[in-house]
Structure formats: C-alpha cells, structure tokens
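Just so you know, the protein sequences line up as chains A and B, in that order. Under this note's numbering, think of the first position of the first sequence as 1, with each following residue one higher. Under this note's numbering, think of the first position of the second sequence as 343, with each following residue one higher.
I should point out that these hints are in silico values taken from the structure, not numbers from a laboratory. Note that the Cβ used here is the ideal one computed from N, Cα and C, for glycine as well. Do not rely on the hints blindly, as some may be mistaken.
As the list claims (entries may be wrong) - Among chain A residues calculated to face chain B with C-beta under 8 Å, some are: (1) E3; (2) K6; (3) R12; (4) K48; (5) P51; (6) A55; (7) Y56; (8) G59; (9) S60; (10) K64; (11) P65; (12) A78; (13) I81; (14) N84; (15) D94; (16) V277.
Stated by the list, open to error - Beyond 12 Å from chain A on every Cβ pair, some chain B residues (computed): (17) T352; (18) R354; (19) G425; (20) G442; (21) N452; (22) D459; (23) E545; (24) V677.
Protein chains: 2
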Amino acid sequence: MPELRKDPVTGRWVIIATDRARRPSDFTRHTVVLKGGFCPFCPGNESKTPPEILAYRNGSERDKPGWSVRVVPNKFPALGIEGNLDRRAEGMYDRMNGIGAHEVIIETPNHRQTLADMAEKGIEDVLWAFRDRIVDLKQDRRFKYILIFKNHGEPAGATLEHPHCQLIALPIVPRQVMEELEGANRYYKLKERCIFCDIVHQESSAEEARLVAQNRGFVTISPYAPRFPFETCILPTNHEAAFENTSAADFQNLAKMIRLVIAKMDAVLERPAYNMVLHTAPLAWQEHAEYYHWHIELIPKLTKVAGFEWGTGFYINPTSPEEAARYLREAVVDVPEMAGTR
Amino acid sequence: MPELRKDPVTGRWVIIATDRARRPSDFTRHTVVLKGGFCPFCPGNESKTPPEILAYRNGSERDKPGWSVRVVPNKFPALGIEGNLDRRAEGMYDRMNGIGAHEVIIETPNHRQTLADMAEKGIEDVLWAFRDRIVDLKQDRRFKYILIFKNHGEPAGATLEHPHCQLIALPIVPRQVMEELEGANRYYKLKERCIFCDIVHQESSAEEARLVAQNRGFVTISPYAPRFPFETCILPTNHEAAFENTSAADFQNLAKMIRLVIAKMDAVLERPAYNMVLHTAPLAWQEHAEYYHWHIELIPKLTKVAGFEWGTGFYINPTSPEEAARYLREAVVDVPEMAGTR
C-alpha cells in the first residue's frame, strides 16, 4: 500500500510509492567524472574570471595562484549589482529591477577534488567563505536573502566541472523560504517550540529509522516526507536561525558531516550528480530567530522528474526514507578523522 | 537590466533575465516524433490494459476496438483504490494510506495523432472524458482533489508514446493548489474581485503584450511572471471555479483553443515535449466559487532545469513573456475551422 506523508514544515503531501520500492541499483547511474581540460577556475587562469572578491591565500598576490578558496563574480550573472530596485506597479502586477549579487565560490584549486575527497580543513574554509560573503553582503540594505547552492555534475545543472558553489543575493525572500518560515512560525505559535528542534529530537531518539549520521554538532536524516529518493537533510543539533552565526567548532563539525554524508552518498549511488542547498534565515534573521533553524538539503539527481511535478508541486517518491537512510547509514566509507561521529 | 517579477496569485518572484534574451532558435530542440511499434493503447490491444472505466464508442463492445476516447486504470498506479484513509500520527508527523485513483485517458485510437492534428471534435471528447471522470470520482467522499495532466514526449516524463493524459484523484489538496487558493482568496478579500478575472481583463485589453490568442470563451496568455520560457496559460473568459461546470459551448471553444495554441507552440518550437496541467478547484469547489478560476498551464520542456530550482523554488527565466507571446501570436498555423478565433 503506498503512503501519503505530510512534510511537517511546509505542509506538502507526497506519495511514498512503496509498491514500486526502489533500491539504489534500480536507478540509472550517471556517475559524475571530472574530466579536466581547460578551466577558468584552475590556478594560473585567474585572469579568465572577473577580479576576485575574496580569497584565502598563503600570502600570494590577488588574482594569482596560491589560494585555497576563491570567490569571484559570476561572469554571466542572473542579476546586476548596480542600480536601485525601483519597485513599481505595472497595472495589477509588481516588478522591480533585477538587482542582486551572483558569485561563484571556487572550493579548491584542485579540479578533480570533490567534497568527499577534500581534507576537512578545505571544506571548513568553504564554509567560512560562505559566512564571510554573507556577512559582507548583509551590509547592502537592498538585499533580503542570500541563496547558496551547489550543482554537482551536468545532470544537476552544472555547466563548469571545477568544484564550486554559487551565491545569489536577492532583494526578495524566495517563495519556498517564505513557506518554510510560515510553516515554522505556525508550529511555534501552537507549541512554543522550534519545529526543526523537535525533528532533530524525534529523529535522533527513534530507533535509527531515518537517521543517517550524527556527530557533536549535527544530525543528518532522511526527511519524513521527502520529494526525491535518497534526499537528505543536515541540521545543527542546537537551535540557530542563521548559518552565519555558527560557531567555529560547529563549522568544524559541519565540515566533517558534509564530507561523511557525501562519501556515503557516493558509495551507495556511485558518485551521482547532486544539488546541495543551504536553507538559512533571511538577512533580517532576528525576526525569525525563535522559530527558524538553518539546515542543508542534499538531493541526488536520480530520477527523470516527470514533468507534472512542475505544474502541480505534487511528488511521487519511489524510495521510502527509512530504506534510503538504512542504505546510507550502513555504507562504510573511508573518511579519516571522524572522531565524534557515530 | 534583468527584472524581478512577482506572480500575482502565488506571490512567487522570478528573474526575467532579459540580458540573456533567448529566441526560440537558441534552445536545444528535441522534436517529439511518435515512432509507433507495439502499443498497449492502440486499438486491438485492449486486453493489454486493465478493463476500461469509460469509453466513447459507436456501439462496439466493451474493451474492444471502435472507441474514440478510452479511460483505463493505470497499470502501475501510484495510489491504491481500495481501503480506508486511516489518517494517523507518527510521533509529530502525519500520514495516511495512499488511497486514490490513477487513470489513463487515451485521447485517440490513432497512435500518431497529437492535439495539434486532431479534429476539434476529438479534443472535445477528451475534455468531456475529463468532466465525466471528475463527476464520477466526486461521489467518492475520500477524495478532495483531482489532478489531470499530460506529459508529452519523453523529456517531459512520458513513458508511453500513444497520446494520453493522466488523472490522479487524491485524498488531499496538493500544496501548489493550496497556494493558488490562498493567493486568490487574499486578493478577493482585498478587492472583492477574482484575481484571474482581473488578469483576463488586463491582458486582453492591453496592447497585446502578453496575449497569445483569444476566442469566444477563452484567452491564452504568457503569464506576467512565468517560471519557464514559452510557458502559457489558457483561461476561460467567464468566471468559473470548477472545470466540470463548463458549458458544452465552452468545451467547443476550449477544444479550438487547445488545438490552436499547441499548433502555435509546435510551429515556433518545432514540436517540443511539453506538460499540460489542469488547475481546477478542489472537489468541494463551492467553498472557493467566488475567488478561484480554473485554467490550464502549458509548459514546453526547453531548458535543462538547473537543479537549484528544486531546492529553492526560485526560477530564472531567460525569455521574457512579451517576447514569447509575440512569437506565438505571430506564428501562422494551418488549423481549420477556427471561426470565432482572432
């Protein structure tokens, strides 16, 4: 019997079509292989990108090799950084200028190094770069939200191979973030508790059903009502609305957790293409401090999304989260320095 | 300068990245060609599907050839028809049995006939089949919503070539429908008018900017804030919440409009894969009668959706709706019997 499950935050129902149960080997594999070739993000080609906004270097010169993480403006930005919003009506409609920042965070100088093979310190640096860019862009009063995401592999929408994340600063809060904020606020009004804290508590005390991994600062779970097979969510154990308020110790724990979970996903699904999205509070996070709780969504690209999901927002997931979590939990991976991780 | 535009119903902002302006010829083409071969939906193979639920025939026998439209249960249903919902909690979560109907509406006995080549009467029959199935399934008190959609071509999620639509009856109202209902209700409370009626009025009286076509009963527009290039929306001119309440005259007008718009889309985009989704009120439509207004969304599958849209609900559209509407409006198509259509 298939099941209908409701996402507790957004209220979205999904079908978990257990009758069609899908194991990892049932999906068509598209292993992501980083081939190399000329690359504007590789060291030595710094002049092929716009001038850098931020880089962590060992004393080397700006826009020259010698960096570990490098942030540059997107060469083909979806939004323009100069100008005023100029909010206005158009008959009954609302529009404004497409003002925003669109940046690229180059994660490593090494073209072939993924988040699963990087040293813990390297991932930590990427997380610090997220934080530093958020803190800087926050000063621009035109912006209300910062989206940080990663498209890994061409099926997930990556157009350049070299490991990188993207950052988009927006003058609005995207609809899906609003939905999470509203859902979390509804729950808070009813219970006077953060819904994500309740999820962390329920999932880490249940008999492992949907738990993938946990360490000192984070848990990774298969969400109760996932839209996609093998979707996971990384949540900080302690309540915190905004990613940029994370402590140095927790950036270390998060780096460990990201490396572990991606290594597990790579093992179970043979290095799939995936999307990683940071869900953090709007820049005015204080308004949402009590009920919002930042987290990271990780979605391997396994299924051809049957088009009707676009039109309906309704999802049929062929793999139950308990099944997915079991495969991921049991995957043995060779990730060193995992002290503190179960 | 790119623009940010807000969908008036859902409140979703999208980027119209006019700097990257995309004409029809800039998209990779995947023309849908119906190849034939063995097909369980072709006449003569009626025994290869579950027994029919409905068919329009010229006196021929049940589950035999001689039909013009035929409705059968999906052989691999996402939901089961037997049993109780058994709504229950699982800790803090909500679930119920996956009860529902999953049916296939076979549009024509002719394997190679698309909505653009069918006779007007054939499309009308398909629309009557939608109505007849809705009216029948409505009697089942377990159901709250009926989704009707079409995946045309493999890139849009079709697994069988033979022209068909799908129907899913659900015991819940999907999240995206809820969003439309809530948005339309907010507007109604503010203005005491239907937002869709206002859209129809504004779009058909403007200097054609986003108007694709209109006839006696319907308008087709490029929405003001579309998520996808060449997305269109077909709306009845007169206010009506529920598709099944449409008059016989309007089914005729709608059949004409669908054929025209798909022929235009086929001409401009070289017979692309597409999704068509009916947005109608929940089965208890009376509650929403004043502010909801049914419509059809038509989305050609042109872009590889960059994965981050899944995680964020945030869309970047490279083609402005004014540009898309102009191409579609100016496309000359050979569709006979278009009396009453501009």
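Any hints this thing doesn't respect? Which numbers, in order?
4, 5, 6, 7, 8, 9, 10, 11, 13, 14, 17, 18, 19, 20, 23
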